[in-house]
Every structure is written in C-alpha cells, then in structure tokens.
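2 protein chains.
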Amino acid sequence: MNAPTLTNVRQAEERVRLVGHRTPVMTSAQLDELAGRHLVFKCENFQKIGAFKIRGAANFIFKLSDEVARRGVVTHSSGNHGQAVALASRLRGIQAHIVMPTTASAVKRRAIEGYGGIVVDCAPNEAARDATAQGVIDETGATFVPPYDHPDIIAGQATAALELLEDLPELEAVVAPVGGGGLLSGTAIASHGLHGTIRVFGAEPEGADDAARSLAEGRLIPQDDPQTIADGLLTSLGPLTYSIISEQVERVVTVSEGEIVSAMRLVWERMKIVIEPSAAVAVAAVLSEEFRALEDLQHVGVILSGGNVDLDDLPW
Amino acid sequence: MNAPTLTNVRQAEERVRLVGHRTPVMTSAQLDELAGRHLVFKCENFQKIGAFKIRGAANFIFKLSDEVARRGVVTHSSGNHGQAVALASRLRGIQAHIVMPTTASAVKRRAIEGYGGIVVDCAPNEAARDATAQGVIDETGATFVPPYDHPDIIAGQATAALELLEDLPELEAVVAPVGGGGLLSGTAIASHGLHGTIRVFGAEPEGADDAARSLAEGRLIPQDDPQTIADGLLTSLGPLTYSIISEQVERVVTVSEGEIVSAMRLVWERMKIVIEPSAAVAVAAVLSEEFRALEDLQHVGVILSGGNVDLDDLPW
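Residue numbers (our numbering), protein chains in the order written: chain A, 1 to 316; chain B, 1 to 316.
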C-alpha cells in the first residue's frame with residue numbers, strides 16, 4: 001500500500017463533507033501564555049460522533065464501489081472508530097457489523113446501535129475478534145474497514161489538518177496525538193502537501209510510546225502492554241503509518257499520565273470545552289518543557305482529536 | 001431609574017467590545033431532536049471570565065467619567081460578577097475592591113486576585129457585607145457596581161442577545177435564565193428593540209422561582225430561602241428588572257433540580273462544552289414539556305450564560 005497524496009486528501013475532503021462537520025478552531029489567551037506561543041486548536045471534539053474518526057470512515061466507506069458497498073462493512077472497535085463506521089454506513093445506506101468483546105460497556109454497545117450498527121459479540125481476545133470479523137466477511141461478503149493502517153483511512157483523517165491549514169495558512173507547526181498513527185500520518189501528508197516547510201509533531205503518552213521508540217530506533221517497534229488513560233492511543237503504529245511518520249514527523253513528544261490529566265482539566269476549565277484524554281495528550285505536549293524549548297515557532301496548530309469521555313469516571 | 005433603550009444597548013456594545021468577546025453560537029442536531037425545534041445556543045461560557053457578566057461590568061465601568069473612575073469601584077460578589085468587575089477595572093486601569101465573606105472558597109478569592117481585584121473580607125451576612133462596601137466607599141470614594149438592577153448593567157447584558165439576533169435574525173424566540181434579572185431584562189430589550197414580534201422567555205429553577213411567582217401575582221415577590229444548584233440564580237428580581245420583565249417577557253418556565261442536572265450533563269455529553277448549572281436552566285426550559293407544547297416556534301435562541309463550575313464537585 002502506498003501513502004496517500006495531497007490529491008487523495010482533497011478527494012477525501014469531498015467525501016468527508018457528506019458526513020462530517022467542518023469543525024471550528026478555538027484559541028485561548030490563557031493557554032497561549034502557558035505555552036509561550038500562539039496556539040490554534042482544531043476542535044474535532046465537535047465533530048460528528050465526537051471525534052475525528054468519522055473522517056477516515058467516511059472516506060473509506062463512501063469510496064467503495066456500489067457493488068462492494070452493497071455487501072456491507074465490518075470492523076472491530078468498541079470506541080470511536082466503531083461509532084464512525086456505524087454512522088458513515090448508515091448515511092451510505094449500507095449495513096455495518098461492529099465486532100465487540102462481550103466485556104464492552106452497555107454504553108458503548110448502545111452508541112453503536114444508536115448509529116444503526118449491528119453489534120457482533122466475541123470473546124475478549126484478539127484471536128476471537130479476528131475470527132469473528134472473518135466469519136462476518138465469509139458469510140456476508142462485507143468489506144473490512146481498518147482502523148488506521150490504510151491509505152483511505154489516512155487520507156480521511158488528513159482532512160482535519162487540511163481544513164486547519166486552509167483556515168490558518170500562517171501556522172508554522174501542527175501537533176497531533178499518535179496511537180495507530182492514522183491521524184498523525186494524515187496530518188503530516190496534508191501539512192507538507194500544503195506547506196513544504198511546516199513542522200509536524202506527534203504527541204504520545206509515556207505509557208504507550210511505541211511511536212517515539214520506533215522513531216528513535218529507526219524501526220517499527222510495536223507496543224507491549226500499553227498503560228495510559230488515553231484509551232484512544234493504546235494501539236501501535238502499522239507499517240504504512242510508521243513509514244509516513246518516520247519520514248515526515250520531526251519528533252514525537254511523550255508526556256506523563258499526570259501531564260495528560262492536568263492538560264485535560266486545564267482545557268475544560270479555561271476553554272470550557274470537553275476533550276478526551278487522547279486529545280489532552282497533544283495539549284500536554286505543547287505545554288511540555290521539551291516543546292516550549294523549540295525555537296522559531298510562533299503559531300502552532302493543535303488537533304483536539306475528540307471529546308468522548310465517561311462523565312461518571314473522570315480522572316480527578 | 002429608567003429601562004435602557006436599544007440605543008443604550010448599541011452604545012454598550014461598543015464598550016463591551018473593549019473587554020469581551022463576540023461569542024460564537026453553536027447548534028446541535030441531537031438537542032434539536034429532543035427540543036422538537038431548531039435551537040441556537042449563544043455561548044457565553046466562552047466569554048471572558050467564563051460568563052456574560054463581563055458585559056454589564058464593562059459597560060458600567062467604561063461609562064464612568066475619568067474623574068469618577070479614578071477613585072475606583074467596589075462590589076460584593078464572590079462569583080462571576082466579582083470577577084467581571086475585577087477584570088473590567090484592570091482593563092480600564094482602575095482599582096476594584098471586591099467584598100467577600102470570609103467563608104468564600106480560596107479558589108474564588110484567587111480568581112478575583114488573579115484579575116487584579118483587591119479582596120476585602122467581611123462576615124458572612126448581608127449587613128456586614130453592605131457595611132464593608134460602604135466603608136470602602138467612604139474611605140476611597142469608589143463607585144458601587146450593582147450586580148443587576150441598574151440600566152447600565154442591563155444594557156451591557158443585553159449585548160449578548162443583540163449579537164445573537166444580529167447573527168440570526170430569523171429567531172422567533174429567545175430564552176435566558178433569570179436570577180436578579182439583568183440578563184433576562186436586557187435580552188428582552190435587545191430582542192424587542194430589533195424585532196417587535198419576537199417572543200422572550202425566562203428560565204428559572206423551581207427552588208428560586210421568584211420571577212415566575214412575581215409575574216403570576218403581578219407584583220415583585222422577593223425570594224425567601226432559595227434552594228438550587230444553579231448558584232447564579234439565587235438572587236431576586238429588583239424593581240427595575242421586575243418592571244422590564246413584567247412588561248416584556250411572555251412567560252418564565254420553571255424547572256426542577258433533576259431537569260437542571262440532566263440538561264447540564266446532556267450539553268456536556270452531546271455538545272462537548274462545559275456549562276454551569278445556571279446556564280443549564282435555560283436548556284432544561286426548552287426541553288420541558290411546557291415549552292415543547294408552545295406552537296409556531298421553529299427557531300429558538302438559548303443563552304448559555306456561563307461555564308464556571310468546580311470540576312471537583314460535579315452534580316452526578
């Protein structure tokens with residue numbers, strides 16, 4: 001599989017528009033002061049399903065031929081990707097099967113069903129998950145929608161940075177959180193496609209730092225037993241996202257769990273918006289000493305990846 | 001004292017612009033569905049100091065003559081009004097004395113001091129509060145900044161509705177929460193000034209329903225022992241706000257504590273924005289059966305009055 005190009009991202013933008021919002025940006029004088037520079041936040045927490053994931057799912061699903069799409073799609077994710085696939089499928093008028101472990105919460109199950117997805121139970125382990133998804137494919141001919149390591153998913157996620165830089169061409173750097181790397185690799189492609197000299201940074205929890213370690217060692221090192229509150233960033237880079245990130249991302253800044261919680265709370269209190277821990281990772285990164293020490297960066301874009309949190313289980 | 005006119009509100013808008021934000025509006029397909037009509041939310045939670053109160057304080061303080069302003073201002077409020085007076089004063093370059101009971105939290109004290117206000121302690125009762133404020137006036141010649149029952153405060157608060165209706169002239173009704181009535185009376189003046197036929201509604205907690213009872217009985221009935229989570233709405237209407245509201249507000253919808261908490265949580269979860277309980281009162285009102293039963297209302301504006309909450313003490 002090849003990395004998507006800026007042209008692919010522009011095509012993705014047209015598909016994303018059928019399903020998602022063009023999200024607003026926000027600024028905060030208080031956060032600027034703490035960061036030591038001007039920050040612009042791309043608010044994917046205001047996106048449909050509450051996270052950027054709808055972009056990749058929309059691009060993938062609306063790009064399928066009618067003949068293929070008719071047989072439906074399948075994925076395994078009890079989180080934002082599952083909801084995104086369910087909603088994009090409903091809007092395309094096709095069936096989405098979402099494989100979920102029997103241990104997933106009732107809330108997540110209802111969210112999928114609320115978007116019209118069919119929840120398919122599996123035992124809570126990877127082998128059962130993959131076998132169950134394969135069973136759906138064998139039975140229905142459904143297409144598997146990968147969570148991140150696919151050019152069409154990456155091109156979709158890239159549309160967030162594309163919009164951000166269309167709105168604010170003066171940005172000198174963009175920061176995005178990194179889990180599987182779909183958002184970060186897409187951000188790099190869109191950013192460099194529009195502005196060759198822009199700097200792109202990843203933000204990652206110390207407890208799930210496979211991207212930082214992979215870049216440091218020059219080879220893909222999958223995460224072993226990730227531990228972080230940022231539950232959207234537990235996954236490891238794939239071959240395609242690693243390849244793009246290793247070429248196009250200047251640095252991956254890692255942050256501690258304490259920094260993530262502080263940044264999340266800071267954004268809620270000062271900006272009055274709800275962001276999820278995975279989004280707070282990017283905020284924590286731009287507030288870190290490591291990032292503050294970078295020179296010649298006056299205008300930095302930060303992608304707030306989503307806002308789906310359990311209000312009954314807040315980390316403070 | 002006379003009610004302010006639309007001209008006063010337009011003059012206030014110029015002063016408010018020196019200090020506050022022109023806040024954005026937001027919409028939510030999910031809230032529309034629950035309300036049975038299209039809602040537009042005016043986001044004063046994104047306002048400076050996190051609430052609409054900066055508007056009235058800015059208008060009052062920037063309208064003072066240089067000679068009067070030089071002697072400073074004083075008010076008593078440990079909440080949003082106190083912060084608003086402190087910030088507007090700092091921006092005008094004058095001293096603000098904020099009388100606060102010794103029982104007020106350290107957080108509220110630090111917020112005032114963070115905006116450059118001087119906290120003046122008093123015993124936690126109304127007599128001590130008034131005597132302390134009068135002591136500051138006697139000593140410094142400072143001007144008292146009333147929290148709501150004054151034409152300049154009302155004209156300032158009115159600028160939120162003015163902006164809302166400038167952005168969305170198609171609105172057929174506007175809903176605002178009511179405590180002392182500064183926001184609601186200003187909303188009525190701006191709304192009717194721009195559109196004679198627009199309908200204006202108040203939203204009030206059942207546990208602090210002096211405005212609803214005053215309208216029902218045709219005379220000002222102050223609140224006795226208010227009990228509500230909506231701590232911005234504990235105060236009673238004043239003579240001026242009562243007079244405006246009784247003439248210009250069609251109805252005050254009351255909501256229960258349970259409805260307030262549900263509406264607050266709904267907005268956090270679905271819209272991903274942080275609003276305070278007082279703001280949730282207006283949301284609860286438009287979701288109430290009473291309001292849903294109103295006919296011929298397709299487009300309704302809702303003023304989200306603020307977003308200052310203690311994240312360590314959430315009501316769920």
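Hints are computed from structural coordinates only; laboratory data are not their basis.
Predicted model only: the values in this text are computed from it and were never measured.
Incorrect hints may appear among the rest.
Same chains, same names: a pair is fine if it fits in one copy or spans any two.
[What the hints assert, rightly or not] Derived lysine to any residue pairs resembling SDA-like cross-links, with alpha carbons at most 20 Å apart:
(1) Lys108 / Arg265
(2) Lys108 / Gln30
(3) Lys108 / Arg270
(4) Lys108 / Ile118
Outcome of the hint check:
no.	hint	result
1	Lys108 / Arg265	between (23 Å within a copy, 17 Å between copies)
2	Lys108 / Gln30	between (34 Å within a copy, 17 Å between copies)
3	Lys108 / Arg270	between (29 Å within a copy, 15 Å between copies)
4	Lys108 / Ile118	within (12 Å within a copy, 49 Å between copies)
Hint check: no violations occur; every hint is consistent with the structure.
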